[in-house]
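Fit chains B and C to the given chain A structure using the hints.
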Amino acid sequence: MEFDLARPIYQQIIDHYKKMMIRGELRQGDKILSQREYAEKEKTNPNTVQRAYREMESMKLVETVRGQGTFVCISPEQLTMIRHEMAGAVMESCVVEMKALGFTDGEIRERLDGALQAKKEAVNDD
Amino acid sequence: MIEFKGVAKSFGRTVALDGVDITFATGKITGLFGPNGAGKSTSLKLITGLNRPDRGEVMIDGKDPLDSKVEVAYLPEIDHLYPWMNIRQAASFVSSFYGDWDEKRYHELLPFLNLDEEMKLGKISKGQRAKTKLLLCTSRRSKYLLLDEPLSGIDILTREQIIQTLIRDFREGEQSIIISTHEIAEVEGLVDEVVFLDRGRVRLQGDAEQLREERGMSLVDIMKEAFRYAN
Amino acid sequence: MPTSNWQRFSALYGKEMRELRPEIIIVVAMAVLICLTMYAKSGTDARDLLIVPIFLLMGLAGFLPFVASFKLLGREWSTNTIYLIMSLPVRGGMILGTKLAALISQYLLGTLVVIAAALFWVHPHLPEIVNSLNAMTGSQTKLVQFIPGIAMAYLLSLTWLFYLISVSFLSQLIGKLFTRFNGVITLIVFLATLAFAGWLMDLSRSFCQFSSSFNILGPGLQSSLQQAMVFMGVNSAIYFVVAALIMVVSILVYRYRIEL
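Protein chains in written order, with this note's numbering: chain A, 1 to 126; chain B, 1 to 231; chain C, 1 to 260.
Since the hints were made in silico from the structure, they are not lab data.
Remember, it's a predicted structure, so these values are computed and weren't measured experimentally.
There may be inaccurate statements among the hints.
[Said to hold, decoys possible] Here are the computed lysine-lysine pairs in the DSBU-like style, where the Cα-Cα straight-line distance is at most 35 angstroms: (1) B:K120 / B:K104; (2) A:K31 / A:K60; (3) A:K119 / A:K18; (4) B:K143 / A:K43; (5) A:K31 / B:K104; (6) A:K41 / B:K5; (7) B:K28 / A:K43; (8) A:K43 / B:K224; (9) A:K99 / A:K18; (10) A:K119 / A:K31.
Bound conformation, chain A alone (with noise of 0.2 angstroms):
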């Protein structure tokens, strides 16, 4: 995974299980790396990954069972929730973006249909 280096690490590291358990890649109960090797797959500073490790355990997304590892526990609730943050968090910076290149409520929500409908046709065309 390439980190954005000029977004802290340690957010992008929760930002990134977050989206796994949102796809339903992690589900409740599934075992993810420990901490070391985290941050030697990602060839990041252990230090690093200890504090996103630690965030995501206060926001109970994650907990870890003493000599076990650590173990996704996020709720339906919590998921839902995350899900509506993270949307939440793309489309104002999608709004944001497409007002800073000068385009109106309306054309935005034009493109958006169309950037929907293009999506769909790519799918059938596979």
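Same frame as chain A, now just chains B and C:
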């Protein structure tokens, strides 16, 4: 913890450090960054006791560097090992001086770094020499690890191996690593704290993640900006 | 748990001996060569042919360690291994001490090998040599009585070597304090230290001469051999003390002044 208090050091008329105050946090990886001639190597040599400050003091856990050598593993930029020794002889020599030598780790690291004990230090490539220096340092469970340009002139694959070795064996919270380099991009993702030096002065010091959050820039860009303002 | 001083000493001593290996091999090889040549040309003339090469080789064996003292210390700088040495958790005393020990070992090995080679060939003729010496000096000394004198002479040579090595170390270390002209400065300090130490030693010899317990010109002593013994003994002691003092100064220079 390593502290520099008002440290000044000159070599003849060249001012290497001009009255600097630096704290290297314990248990973290600190990036000591800056252009060539900024005073980075000098700082590491002061910690290792190879130089004495003209003014101010350098303290390692409150002690003089000359009394702390046993806790420090130093990897200089130059080739400082005996060329007639092979890796096994060099390891045997170094391990005779340090109680923190870990024979098991030494044997694990040899194949990981693609090194052979029979290799003669004077006859191997630059990359292999860099890996040997690293091997001898990281086979010790030292409290402090100082690396001076560990990646310069090294091919990409070897760099990967070196970074992987550092991460694998880093004892966060217990061990403090200081990496001095002018190639920030190589180690950006690796450092907890940064100290930017320029012409013997500290331009910037702080937590890497915090700096990224505050400025929305990578460390490389932060440094470029810091130096633009300085000039 | 830190490693023991003995372990550290062995590691350093072993390293220094390995650096001196070529010089030691040269002397031993030449001694063996001479022996083989003598064996090939055996006959009553062999003893006479032996003298010159053996003497030359003895000179070499004695002189090489002094020359090597410059290599052992100077090379640490030229190969940058001084970065390793100065980062090790050992005192300057052990660094310089192991080099000294290795050089003395080189001297012992070299000279004793040459002496053994010489004795091996000469020993049947020893009674003859003793008789002619007695005839020359008009005395009645037995072979066995020469041995303490020879041992004392050897001890004197050892203290003389210790002295030369200490001056070599000091002048090299002081030379290293300067970034330019360090070769010239080393030479100047070397000669100046020899001169100063020489003056110091003359002073102490005169002191010994006028001291009643060391009156070597007194009537109490029987033979010239005994006189020589006392003379050599006193000089050995003086060389040893002066050399030790110079070593201490060298160690202080290394500890407090040397930087990279």
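A quick look at each hint next to the structure:
At roughly 22 angstroms between alpha-carbon atoms, K120 of chain B and K104 of chain B fall within 35 angstroms of each other, so this suggested pair holds. Between the alpha carbons of K31 of chain A and K60 of chain A the distance comes to roughly 15 angstroms, so the proposed pair stays at or under 35 angstroms and holds. Between the alpha carbons of K119 of chain A and K18 of chain A the distance comes to roughly 24 angstroms, so the proposed pair stays at or under 35 angstroms and holds. At most 35 angstroms may separate the alpha-carbon atoms for a hinted pair to count; K143 of chain B and K43 of chain A meet this at roughly 22 angstroms.
Between K31 of chain A and K104 of chain B, the direct Cα distance comes to roughly 29 angstroms. Compliance with the 35 angstroms bound is thereby established for this hinted pair. Under the criterion of a C-alpha separation no larger than 35 angstroms, the hint pairing K41 of chain A with K5 of chain B is inconsistent with the structure, at around 38 angstroms. With a C-alpha separation of about 16 angstroms, the suggested pair K28 of chain B and K43 of chain A falls inside the 35 angstroms cut-off, and the hint holds. With a CA separation close to 24 angstroms, the supplied pair K43 of chain A and K224 of chain B stays within the 35 angstroms bound.
Between K99 of chain A and K18 of chain A the alpha-carbon distance is near 28 angstroms, which keeps this suggested pair within the 35 angstroms criterion. Straight-line distance between C-alpha atoms of K119 of chain A and K31 of chain A comes to about 33 angstroms, which keeps the hinted pair within the 35 angstroms bound.
Hint violations for this structure: number 6 only, all remaining hints satisfied.
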